[in-house]
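The listed protein sequences correspond, in order, to chains E and C.
Every letter in the first sequence is one number past the one before it in the working numbering, and letter 76, counting from 1, is 76.
Every letter in the second sequence is one number past the one before it in the working numbering, and letter 204, counting from 1, is 204.
Think of the hints as simulated: they come from the structure by calculation, not from any bench.
Don't take each hint at face value.
List of simulated lysine-lysine pairs, BS3-like, C-alpha gap at most 30 Å [to be verified]:
#1 K100/C / K60/E
#2 K60/E / K93/E
#3 K121/C / K210/C
#4 K163/C / K121/C
#5 K197/C / K163/C
#6 K163/C / K60/E
Counterexamples of contact, computed for chain E against chain C with all Cβ distances above 12 Å [as the list claims (entries may be wrong)]:
#7 G41
#8 A54
#9 R61
#10 S72
#11 K93
#12 L94
#13 A95
#14 R96
#15 L97
#16 I124
#17 E125
#18 D126
#19 L127
Don't be surprised by glycine CBs; every beta carbon is placed ideally from N, CA and C.
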Amino acid sequence: MNKDDERKRFEGIVAAVDDAILAATPAEIAEELRALDIDPGAAAAGMRARVEAAVRARGKRLMRDAAEQARSGRGFQVISGGAQLVANDPRAKLARLLSRPGVPTTLAARDGRSMSDADVDSLIEDLAELGITEDDQQ
Amino acid sequence: MRVRGGIADMKTEIFSEDVRKAPGAAQQEEKRLAETPAGARDIASEDEVRAQLLALDDDALGRLELKAAAYRRMLPRQDADDLVNEALRRVLDGCRKWPKDIAFMAFLFATMRSIASEWLKRNRREVPDSQIGTGNDGEDGDSYLERQPAAGGGPEDAALFAKFADAVEEMFANDDDVMAVIIGRVEGLSAAETREKFEMTATAFGTAQKRLRRAVLAGRLDGWR
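Looking at chain E on its own, in the form it has when it is part of the complex (with noise of 0.2 Å):
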């Protein structure tokens, strides 16, 4: 059997064992964390925590990203969905803190998908955490 094979017969067994831990109950995914000492609540909040983490995370390698696009000279485009920006917006105060001098005045939407909300304010949030506000220009 070659190494491919090794690896597809490898893969089949983990995936039973996949299948099985998918198939079981609630009550037995508890019962068997418990019996690794582990507490279901614990490890739900646990995981929770990576999930959020692994988030925010994402959101950073767009801010990234965004910068390293806008070094490379690229053009700047934050998708509003087509809604008009108002002075409230926070697509439009990211337009604003990002267009000031001294912040990366081009932005590239990732393959020309929209930002969603959440990564717009997640980068006004990265913004003022390198102390770049609208409140020092009022």
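Knowing the structure of chain E, use the given hints to seat chain C on it.
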């Protein structure tokens, strides 16, 4: 009629060169994903993936923790701890696309499986000989694969995968129902197809899955070399 006593023959058939003709469902899924032209399937957007992750309830999160616990029995501890984070990163970054006709948890598990397979090969080359055979069998955290000899690639990689599979086979050598569950998965059969092929009741299939799950989680693999 149930094909008792035929598991060994089927193992020979499935766990042999014929496995190339009958790849497991995980492989089928990945192959299908790789070969399906873009746009032919309904692929989730980044926003949808993020929303799905943030909406996971305590039960789903518990299953993820249990999956991570199973990997602690198979991978070096650091890799097992990093595996969930790496899977989350890949799905959020879009490195792994979620076809929405696949259940999200099954997609997450398949992602983890793929990463584990990558890392398993890498680890073989990184585990120093000094960590092998230290006589601490059964100690928590001393995973099966951590004790495998570090060596070069090529045929040794295949041997590493084979050792794990052999260990599982040996564990359930006298449990036809569990072997049927495993063989069905390697063959790429659905649960219903496996039950039909091996003439298993739903209860027998479910309890066999439970025995497989609990054996791996309990670390019984750790007793083997």
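Among the hints numbered above, which are violated by the structure, and what are their numbers in rising order?
6, 7, 8, 9
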